[in-house]
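Going by the UniProt record's numbering, the first residue of the sequence shown is number 1, and it counts up by one from there.
Since the hints were derived computationally from the structure, they do not count as laboratory data.
There could be a bad hint or two in this list.
Result set (SDA-like, lysine to any residue): computed pairs, CA atoms no more than 25 Å apart in a straight line [stated by the list, open to error]:
(1) LYS167 to ASP12
(2) LYS77 to THR98
(3) LYS180 to SER19
(4) LYS72 to ALA117
Restraint ranges, calculated between C-beta atoms of paired labels, are given here [claimed, not checked]:
(5) GLY151 to ALA216: 21 to 31 Å
(6) GLY151 to LYS130: 38 to 48 Å
(7) LYS130 to PRO34: 23 to 33 Å
(8) PRO30 to PRO118: 46 to 56 Å
(9) TRP133 to GLU112: 39 to 49 Å
(10) LYS130 to PRO183: 24 to 34 Å
(11) PRO54 to GLU119: 33 to 43 Å
(12) ARG88 to PRO30: 42 to 52 Å
Cβ atoms here follow ideal geometry from the backbone N, Cα and C, with glycine treated the same way.
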Amino acid sequence: ALALCGNETADDFAELFRSLNIGATRIGLPPHSPTYIMADGAMAITNAASLIFPGIRRSMCWFHVRKNVESKMESLKTENSIRWRILRDLAYVQMAITYEAFKSMIELFIEEYRNQAPEVISYIEESWVKHPWHSNWYEGYADRLPSTNNGLESMNNQLKISVHREKLPLGAFFGVVAGKVVPNYSEAVEKPVYEPGRVLQHADTIKATKKHFKEAWEWQKSAAFHEVV
1 ALALCGNETA DDFAELFRSL NIGATRIGLP PHSPTYIMAD GAMAITNAAS
51 LIFPGIRRSM CWFHVRKNVE SKMESLKTEN SIRWRILRDL AYVQMAITYE
101 AFKSMIELFI EEYRNQAPEV ISYIEESWVK HPWHSNWYEG YADRLPSTNN
151 GLESMNNQLK ISVHREKLPL GAFFGVVAGK VVPNYSEAVE KPVYEPGRVL
201 QHADTIKATK KHFKEAWEWQ KSAAFHEVV
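Using the sequences plus the hints, can you model the full thing?
Encoded structure:
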């Protein structure tokens, strides 16, 4: 789905989510009933999703958590020697597979760095641990689902590339979307694997050989644990 709107308020996102159900009904499909929705920290998305899809669980994009923590440490001029350790250990916390594990790991993390970087830890606690919607960035919250929405967000960059990062009149923009974006995504993915012009790999063609497993094992043995993570 592609939405074009002037703002990013809760009403705008609610209309987008509502339109998904309208479109599904028109082509004979049942209404959407997602279990999870992932985004950055925008409360407008959270409020709209809760309104249109009652009971939905809100996942927090791990990439955005890390990026915001990095930016905060940059603004606080945190020592580089502490920065990489905080980001490394926060990545360990992110791999928690249950809420209980996440709670225990984040408590140990906070205890480890509270005296070394008090302002950073206070920020992490308030923004990414105690916040009711922004604390669900650990791996086990949405089991076997992506931990970031980077793949979807890359679509924005592809749109910018298609329009050469220029602001186009509405009609011209729709022409680019219909002429370039839709064929490269919606139509290309439907092509059989053997047809030329397919730009997306088929799942069955992505395979790891024994050679790959052996090389990965050799690399893992030679690398420090934090590098593997």
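Hints, verified against the model:
no. : hint                         : in the structure
1   : LYS167 to ASP12              : 21 Å, holds
2   : LYS77 to THR98               : 33 Å, violated
3   : LYS180 to SER19              : 23 Å, holds
4   : LYS72 to ALA117              : 12 Å, holds
5   : GLY151 to ALA216: 21 to 31 Å : 22 Å, holds
6   : GLY151 to LYS130: 38 to 48 Å : 29 Å, violated
7   : LYS130 to PRO34: 23 to 33 Å  : 26 Å, holds
8   : PRO30 to PRO118: 46 to 56 Å  : 51 Å, holds
9   : TRP133 to GLU112: 39 to 49 Å : 26 Å, violated
10  : LYS130 to PRO183: 24 to 34 Å : 46 Å, violated
11  : PRO54 to GLU119: 33 to 43 Å  : 38 Å, holds
12  : ARG88 to PRO30: 42 to 52 Å   : 44 Å, holds
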